[in-house]
Amino acid sequence: EAGVVQSPRYKIIEKKQPVAFWCNPISGHNTLYWYLQNLGQGPELLIRYENEEAVDDSQLPKDRFSAERLKGVDSTLKIQPAELGDSAVYLCASSSDRHTEAFFGQGTRLTVV
Amino acid sequence: KNEVEQSPQNLTAQEGEFITINCSYSVGISALHWLQQHPGGGIVSLFMLSSGKKKHGRLIATINIQEKHSSLHITASHPRDSAVYICAVKASGSRLTFGEGTQLTVNP
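Same order as they appear, the protein sequences are chains A and B. Residue numbers for the first sequence follow our numbering, so the first one is 2 and each next one is one higher. Residue numbers for the second sequence follow our numbering, so the first one is 1239 and each next one is one higher.
Bound-form chain A, shown alone (with noise of 0.2 Å):
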């Protein structure tokens, strides 16, 4: 069965430039994560979604991140415009309802410069 797959697994944009992720998450995971993970620290989440429905979208900054998982099962996670300070590992994840484990995907890690 294939994991939680990513893409692209690199970008590298310009300041102010718009970027996006992309998620697909093991079929049949109702809930999706999306985190971001600095050099050298643990994964922090941004939104954590249960079917379509964004349960916890606390920790992202909404004035440049949106994130959105038509029809619950692939997401996209955007900045507009991106920052310095966002270069960072975004990682994806998926759980099932029926178990506690997270899948992790192999991230994306954003440069920008």
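It is possible that some hints are incorrect.
As the list claims (entries may be wrong) - Residues from chain A that keep clear of chain B, each with C-beta distances beyond 12 Å, as calculated: (1) Arg10; (2) Glu15; (3) Gly73; (4) Pro82; (5) Ala103.
Claimed, not checked - If you anchor each label on the Cβ, the simulated ranges turn out as follows: (6) Pro62/A with Glu1305/B: 33 to 41 Å; (7) Pro1246/B with Asp57/A: 45 to 53 Å; (8) Asp58/A with His1316/B: 39 to 47 Å; (9) Glu1241/B with Glu102/A: 13 to 21 Å; (10) Ala55/A with Asn1345/B: 39 to 47 Å; (11) Gly1254/B with Gly41/A: 25 to 33 Å; (12) Glu1241/B with Leu40/A: 16 to 24 Å; (13) His1316/B with Leu40/A: 21 to 29 Å; (14) Thr1343/B with Lys17/A: 35 to 43 Å; (15) Glu1243/B with Leu85/A: 24 to 32 Å; (16) Thr1313/B with Glu84/A: 43 to 51 Å; (17) Arg10/A with Asn1260/B: 31 to 39 Å; (18) Gly1254/B with Ser67/A: 20 to 28 Å; (19) Ala3/A with Lys1292/B: 19 to 27 Å.
Unchecked claim - Here are a few chain A residues that face chain B, going by a calculated C-beta distance under 10 Å: (20) Pro9; (21) Tyr34; (22) Leu61; (23) Arg65; (24) Phe66; (25) Glu69; (26) Ser88; (27) Leu92; (28) Ala94; (29) Ser96; (30) Glu102; (31) Phe104; (32) Gly108.
Hints were generated in silico from the structure; no laboratory data involved. For each residue, glycine too, the CB sits at the ideal point set by N, CA and C.
Given the structure of chain A, go ahead and fit chain B onto it with the hints provided.
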């Protein structure tokens, strides 16, 4: 004070040594995860624990719910074990709270 604290932050060992990484947490949890992250790579789940002890190959994870403490042990360590090991706890709902990770380097 972070809800999840790991120690040590950095650990260097010689190949073959027995390694222990510790995780303490301050909230009630339904599960605790040990995760492995290689440079430039994604996160791989090693264990999910809610009680007792689990073993997979050279890796052993234990948890003491009363003391709010978990340990990850690596026996006969190898250079390929070099990675960041992250402890994460699942408290209320589905939110995972992560420790800052332990950078392990195993030298040949």
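Are there hints from earlier that the structure breaks, and if so, what are their numbers? Hint check: 1, 5, 7, 18, 20, 22, 23, 24, 25, 26 fail, others pass.
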